Amino acid sequence: MEEIKSIAVTGKGGTGKTMLATLMIKMLTEGLKGKVLAIDADSAMSLPYTLGMKIEKTVSEMRKEIIGSKQVKRKMEDQPMRTVMKSILTQGKGFDLLAMGRPEEPGCFCVVNDLLRYGIDTLIQDYDITIIDGEAGPEQLNRRVLKSIDVLLVVADMSARSLETARSIMKVAMAPDNIQVKRAGLILNRFRDDSKPLKEISDKIGLEILGCIPEDKTVNDYDRAGRSLLELPDDSPCLIAVRRILKQIVPDFASNQKSL
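By the count of UniProt numbering, the sequence shown reaches residue 260 at its end, each step adding exactly one.
Since the hints were derived computationally from the structure, they do not count as laboratory data. None of these values were measured; they are calculated from a predicted model. Some hints could be false.
Estimated spans, in silico, between C-beta atoms of each pair [what the hints assert, rightly or not]:
# : residue 1 : residue 2 : range
1 : K182      : D223      : 27 to 33 Å
2 : E164      : G226      : 28 to 34 Å
3 : G34       : Q248      : 33 to 39 Å
4 : V172      : D221      : 31 to 37 Å
The C-beta atom is built at its ideal place from N, Cα and C for all residues, glycine as well.
Sequences and hints are given; from them, build the entire structure.
Printed below as a string of C-alpha cells:
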C-alpha cells in the first residue's frame, strides 16, 4: 500500500470538518508511531479551539512582522525557511500545530498563502503525517495553498446544500490545472439510519464514500462547554467512526490497531 503523508479536510462551513480533523489528530497521535503535524489553513481558526490550544503566533502575524520591520526581515532572510516556520509552531500532546491566522484586511491572502505554502512544503518533510484543516468550500484549492494531497476528505452533512458544496469542491479539486489529489472521498457527518441510501449519494456527488459519522451528543456538549475534543472518551460514537475511517486510508495506522 502507498504511504500516506498528507490528509486535507474541507467541506461546507458547519458540516463538521474541523471536528473530523481534530479527531484524526487525536487518533493518529495515540495510534501511530510517528510525528504528526496539524495545519490550520482556515482563517476562521477553529482548529486551535477544538484542540484546546492557545496559538502564540500565526503565519499571518509573522508576515506582518516581516513587512513592518526591516530588521526582522533581514533576520528571517538569513535563516532557512524550515527554521522560520518551526519558530511559530505550537506544541501539542504528541503533535505540532501551524496556524495560518487571519488576513490583515479583507481579501489580503496572497502573501500569507505563499508563506503557508512554503511552510507546508518545508515542514511536511519532517513529519510522518500531516493533517490539514482547510477552508470551508473550494477557496483553499482555488488559491493553491497546497501543491498536492495524498487524501482529500470532503465533509458533508445530509443537507442538499452541503452535498452540492461537496460536489463543487470535487469539481475544483479534479480540474487538470489544480493541485494533485491522489485519493478523494466523501465523509458524511451526522448520518442517520433514515438517511438516503449511500449509493444514491455517492452517485450524485461522483465521489467514493469513505465513512459515516453519526450524531454524537457528547461532541455537542463539549462544543457548548468549550472543552477540547481531544478529551472525548474512547467510546464516543464519533471517535469510533473516525477510527474506522483512518483504518481505511492510513495503512500504518491500520496495522497498529486492533480489530473493532
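Here is how each hint holds up against the structure:
K182 and D223 have their C-beta atoms about 32 Å apart, which keeps the hinted 27 to 33 Å range intact. Here the CB-CB span from E164 to G226 is close to 32 Å, well matched to the stated 28 to 34 Å. Range check, G34 to Q248: Cβ separation about 18 Å, and the 33 to 39 Å hint is violated. At roughly 35 Å, the beta carbons of V172 and D221 sit within the given window of 31 to 37 Å.
Against the hints set out earlier in the document, a violation occurs for number 3 only.
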